[in-house]
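**Student:** What follows is each chain in one-letter form.
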Amino acid sequence: MKIACVCAMGLGSSLILRMTVETALKQLHMKDVEVEVVDTSTARGSQADIIVSSHSFCEQLSDMGVAMIEVVNYTDANYIKEQLQKILSAQ
Amino acid sequence: MLDLRLLNKERVALQVRVKDWKEAVRVSGQLLVDVGSIESCYIDAIIENMQEYGPYFVLAPGVAMPHASCSSGVHQVDISVVTLANEVAFMDSLNNPVKLVICLAATDNNSHIELLKKVSQILSDETCVQRVKHAKTVEEVLTIFNS
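Protein sequences, first through last, are from chains Z and B. In terms of the UniProt record's numbering, the first sequence has 15 at position 15, counting the first letter as 1, and numbering is strictly consecutive. In terms of the UniProt record's numbering, the second sequence has 65 at position 65, counting the first letter as 1, and numbering is strictly consecutive.
Think of the hints as simulated: they come from the structure by calculation, not from any bench. Any given hint might turn out to be false.
[As the list claims (entries may be wrong)] The calculated lysine-lysine pairs, modelled on BS3-like cross-linking and capped at a C-alpha distance of 27 Å, are: (1) Lys117/B <-> Lys26/Z; (2) Lys117/B <-> Lys136/B; (3) Lys31/Z <-> Lys118/B; (4) Lys81/Z <-> Lys136/B; (5) Lys31/Z <-> Lys117/B; (6) Lys26/Z <-> Lys118/B; (7) Lys136/B <-> Lys2/Z; (8) Lys81/Z <-> Lys118/B; (9) Lys2/Z <-> Lys117/B.
Keep in mind it's a predicted model, so treat the numbers as computed, not measured.
Throw the hints in and build the complete structure from the sequences for me.
**Tutor:** What follows is the structure, encoded as structure tokens:
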């Protein structure tokens, strides 16, 4: 499975977001998940199964037809864990 | 021996009164200009970026981590920590109002990862965040960041 953390630049907020996603994955005991950091143009070509990002980027990418986790607090691993569980149980 | 201490007192300012988010960014950036880690053009780049991308670096309730990709204004990876006496709104961020500003000087995608891991650990602990936001002395903040 591939998760893409989408942001404007890829060197600050999104790296923190990636660390939080990785914490959530550890708490879920999920391995073999690739987590990458991309900007919006790269996100479209990334073949990600799940996009994690802020409201404005999720909105921009909503036509991708991919599961999205819209995040307000980039440091809240519990929230991301709950959203991942929701997505996975819906599959 | 590599000194992994994150912060020292030159990089911390507490209970600073600012009139708006731009001033908050300038104050936190200026600490890094004063220690020689960045040029002022990096601060300008952060402000321009926010005007273009919106409040992209307000990443947790009351916490902003201003940074930019303008590596030409950065001499070394670094952070500064500023708490505000009066919380300010950073545009329409859902994490407003901001109390804690951590300015990040980043040179590229990787050299600041260790620094960011430590910042991320602190920010993911709500008790730590509250302690930093309401710290009355620089020593309290240094203890949290350097532990």
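**Student:** Compare the structure with each hint and give your call.
**Tutor:** Outcome of the hint check:
no.	hint	in the structure
1	Lys117/B <-> Lys26/Z	holds, 16 Å
2	Lys117/B <-> Lys136/B	holds, 25 Å
3	Lys31/Z <-> Lys118/B	holds, 23 Å
4	Lys81/Z <-> Lys136/B	violated, 34 Å
5	Lys31/Z <-> Lys117/B	holds, 20 Å
6	Lys26/Z <-> Lys118/B	holds, 18 Å
7	Lys136/B <-> Lys2/Z	violated, 44 Å
8	Lys81/Z <-> Lys118/B	holds, 21 Å
9	Lys2/Z <-> Lys117/B	holds, 22 Å
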